[in-house]
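A.B. asks: Sequence:
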Amino acid sequence: MTELPHRLDRTVIIQASREIVFGFFTHDDRWAAWWGTGSTIDPRPGGQLRICYPDGTKASGEVLEVVTPERIAFTMGFDSGKPIAPGDSRVTLRLEAIGAGTKLHLSHEFAESHVRDEFVQGWRYQLSVFANLVADRIHSGAADVVDAWFAAWSEPNEDARKAAFARMIAPTVQFRDRYSLVEGLTDLVAHTGAAQRFMNVRLTRQGALRHCQGMVVVDWIALAGDGQERGSGTNVFTLGPESRIETVTGFWNPARGR
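For the sequence shown, the numbering used here assigns the number 1 to the initial residue and increments by one for each residue that follows.
Hints are computed from structural coordinates only; laboratory data are not their basis.
Beta carbons are placed, not taken as given, at the ideal position from N, Cα and C, and that holds for glycine.
Possibly wrong hints are sitting among the right ones.
Derived lysine to any residue pairs resembling SDA-like cross-links, with alpha carbons at most 20 Å apart [unchecked claim]: (1) LYS82 to PRO5; (2) LYS58 to PRO83; (3) LYS58 to THR75; (4) LYS162 to HIS191; (5) LYS103 to TRP123; (6) LYS103 to ARG71; (7) LYS58 to GLY38; (8) LYS58 to TRP123; (9) LYS103 to ALA131; (10) LYS103 to SER243; (11) LYS58 to THR40; (12) LYS162 to ARG176; (13) LYS162 to PHE198; (14) LYS82 to ALA131.
Just the calculated beta-carbon pair ranges, DEER-fashion [as the list claims (entries may be wrong)]: (15) ASP177 to GLU118: 39 to 49 Å; (16) ALA163 to GLY225: 21 to 31 Å; (17) THR249 to GLU96: 26 to 36 Å; (18) LEU181 to VAL67: 41 to 51 Å; (19) LEU181 to HIS6: 46 to 56 Å.
With the hints as constraints, model all of the structure from the sequences given.
C.D. replies: This is how it looks when you write it as structure tokens:
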């Protein structure tokens, strides 16, 4: 390989363990989910990798180093030879544990600065795609977590409600809306009990949730005992690395007829 004096560096925080993140560099199905159908990687020094972009562009390279779950390095270039031929650049992905999450450090080395500059937006995009893929895997059960949250709001038995919330929330969970500002399990259990007493409604999810990197947006409706709608709105959930609810912010829709 020729000298590679020009480097592109980028870091992103991903709310998942290093072991889970690293698995996307060592399993063909996860590698292909990131880069495109048909992409493969042989995760050992001297192993070959293939990248098949959705638009038909193909790239290839050779794995140079694998240190599980800390680092992988490989060469990368395009089969067409433009803007770089196979073997003419080097990529290093290093994973640093940050609490329960991971800081991904990307370093891509090039022989020429103008070629490096062509990859800035590409890596900005690819690492965003990657972070979402990891989040989708971690939070594949997000709909169940959200439904359990709404079900707990309607649980009349305090002990059962406490146990239900404990299974899904972080210890420092925060909930806020126009009528709420609570933190922690004890406060949440008491608040939801009061909501049942004074509002007497049942909350239920309405439609599919929307998820992006641990942030979940969900529409809901509030139903009275007779099944009539008494209100509606949207909740924004923040999920932690173990898919536990860390924060919830609720937005009520304006009352109809006002």
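A.B. asks: Tell me, in ascending order, the numbers of any earlier hints that this structure violates.
C.D. replies: 14
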